[in-house]
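Assemble chain B onto chain A, guided by the hints.
Quick note, the sequences are listed as chains A and B, same order. So the first sequence is numbered by the numbering used here: it starts at 1 and just counts up by one. So the second sequence is numbered by the numbering used here: it starts at 287 and just counts up by one.
I should point out that these hints are in silico values taken from the structure, not numbers from a laboratory. Glycine residues also receive a C-beta, built at the ideal position from the N, C-alpha and C atoms. It is possible that part of the hints are untrue.
[As the list claims (entries may be wrong)] Here are the simulated DSS-like cross-link-like pairs (lysine-lysine), alpha carbons at most 27 angstroms apart as the crow flies:
1. K486(B) <-> K100(A)
2. K100(A) <-> K323(B)
3. K486(B) <-> K584(B)
4. K397(B) <-> K372(B)
5. K372(B) <-> K486(B)
6. K397(B) <-> K350(B)
7. K76(A) <-> K60(A)
8. K486(B) <-> K508(B)
9. K323(B) <-> K397(B)
10. K98(A) <-> K350(B)
11. K508(B) <-> K323(B)
12. K584(B) <-> K98(A)
[To be verified] Here are some, though not all, of the chain A residues that point toward chain B, as calculated from beta-carbon distances under 7 angstroms:
13. A18
14. W21
15. P32
16. L68
17. A92
18. V117
19. V121
20. V217
21. I235
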Amino acid sequence: MSKPLAIPAYQRRGQWIARAWLTAGFVFLYLPIVALVVYSFNNSPLPTVWGGFTLQWFAKLAEDTEILGGLWLSLKIAFCTASAAVVLGMLAAWGLAKFKRFGGRTLMVGMINAPLVMPEVIIGLSLLLMLVSIQRALGYPERGMLTIWLGHLLVGMAYATVVIQARLQDLNPQLEEAAQDLGARPLQVFFLITLPMIAQSLASAWLLTFTLSLDDVVLAAFLSGPGSSTLPLVIFSRARLGLDPSINAVATVVIAVVSLAVVGGSYALARAERRRAQEIAQATRA
Amino acid sequence: MSSIAKPKLTWAGRSVIGVPYLWLLLFFMLPFLIVLKISISEMETVAFKDLITWVDGVLQVRVKLSNYLFITQDDLYFKTYLASLKYAGITTALCLMVGYPFAYFMARAAKAVQPALLMMVMLPFWTSFLLRVYAWKGLLTEGGWVATVLDALRIDQLLIATNLIPGPGQYMNTPFSLVLGMVYTYLPFMILPLYANLSKMDMRLLEAASDLGATPWVTFWKVTVPLSRAGIVAGSMLVFIPCVGEFVIPELLGGPQTLMIGRVLWDEFFANNDWPMASSVAVVMILLILVPLALFNKAQADQEAHR
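Next comes chain A alone, as it looks inside the complex (with noise of 0.2 angstroms):
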């Protein structure tokens, strides 16, 4: 770079288009987000025609008991989703990374890799199916949130652990090793070297598992039962019937939500990174 000179003509065509490629591949992904919110604050009745600057919709969110509604119990779906799946995913990863020879392993991770791609109608479907012979044989689960947190720890359960595992595979098994030869039990190991080391995978899994949770539409479709209808289903029964501001406004509290929550998370893994790192130059110091 500091020789333009050198470099030739090709390569610097190469590097235009490699610009603009780029350039015109994020305006593609961003561009219905910033619609999404500029038409938030739009003050007209027709959405597709700008009618000057307006915080009604904002107003009219506040008074809306069904999205909030909804959002509640999304939100309470979401976290008890991401807690269980990040237990459940943890577990399987860590047994898929120590062990790599089991009966049944191919069929295990088989039943991981599955649920990340099998279309939600069918994963839908079939618990429910079986949920409902359930109940008509012990009068139990009835159709609500426990039954959509089910579905949604199935596919949850299978990402948090492709990312947990992904952190598994990277780490220095000889960490591990050299704390059993110094004494500590499985269970010490585990906790004082497994745990701290493979944290931030399991905080990026909770997230994202998380956002799946409060994302989905077609599992909670199948798996909710009358009054709990999450914000997703809320939200797609009115954007079925056409544009509606009231959806504008949640996607812009959605977000800057999650703009703040990004930038407050890498800020705060940056830092744990700094300290880590500092503690590392002053225990080889010392």
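Leaving out everything else, chain B in the frame of chain A:
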């Protein structure tokens, strides 16, 4: 590992794996078997008849295959399956055409900006997929931003000529809006595995190729692309398989021309309340994605082995 710790660990390990394993068997495997069973069950007014019953000491097995016969013979189902495969295939091809260069340029960008680029690809994931699909409704209706630009660039004439939209300015609820929405939604799923693969590529191999006299173009097709095969397969399957059964996007952006199988399953279940039929539709859909699913599994295993 010391020899004393080993049996202990195996016992602990078994129980650690056992929990998620059992969970998956119970909530992932078993439901499929139940769907399979219901798809061949006869429906009484409220419950399904048992497949196997004892009548006067004689074992009776009652299997109803009429749902499957109906699916294979009825034109609507056949066409819908075909349409689902077609739109999923087109979406996958377009995602690959847009996403491969994108991932390639990302992996070749300066090392310092790569984390930021990666973050920017992942960021839309955090905002609701439903809201982003809904946004296209606004962008494509008359007077929407994208519709205006397409009109100004005369692209609508091209789309009419290729029969993707019925008339000038009518972008919504057409094959065009459906494919656009699916490409938009699934593009990051193509980019991420490709980027993961391309950024780990051994650059010395490319240097070797150019030292041996290959032009950049030849190097790209003979070295880079073959080396990134696992990423291409993983990304394509990550797009293709969910697209086959996609429901939300066809419902919000598709139209009468674009009936897809996820929608049919949904209607059989929610509108017609025909659970055995919905189950049969699901079983056929699973059969359709079985081969792609195996490919995906293999690509995942390959990528894991290459780490």
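Cross-check of the supplied hints:
1. K486(B) <-> K100(A): 23 angstroms, holds
2. K100(A) <-> K323(B): 34 angstroms, violated
3. K486(B) <-> K584(B): 19 angstroms, holds
4. K397(B) <-> K372(B): 38 angstroms, violated
5. K372(B) <-> K486(B): 33 angstroms, violated
6. K397(B) <-> K350(B): Violated - the C-alpha atoms of K350(B) and K397(B) are around 60 angstroms apart, more than 27 angstroms.
7. K76(A) <-> K60(A): Given that 27 angstroms is the threshold and the Cα spacing comes to 23 angstroms, the pair holds.
8. K486(B) <-> K508(B): 17 angstroms, holds
9. K323(B) <-> K397(B): Violated - the C-alpha atoms of K397(B) and K323(B) are around 54 angstroms apart, more than 27 angstroms.
10. K98(A) <-> K350(B): Violated, because 46 angstroms separates the two Cα atoms, which is more than 27 angstroms.
11. K508(B) <-> K323(B): 49 angstroms, violated
12. K584(B) <-> K98(A): Roughly 20 angstroms between the alpha carbons, so the hint for K584(B) and K98(A) holds.
13. A18: Holds, about 4 angstroms.
14. W21: Holds. Min distance 5 angstroms.
15. P32: With Cβ-Cβ at 3 angstroms, under 7 angstroms, it holds.
16. L68: 16 angstroms, violated
17. A92: This interface hint holds because 4 angstroms falls under the 7 angstroms limit.
18. V117: 4 angstroms, holds
19. V121: Holds. Min distance 5 angstroms.
20. V217: With a closest approach of 6 angstroms, the V217(A) hint holds.
21. I235: 6 angstroms, holds
Figure legend: structure checked against the earlier numbered hints; hints not met, in rising order: 2, 4, 5, 6, 9, 10, 11, 16.
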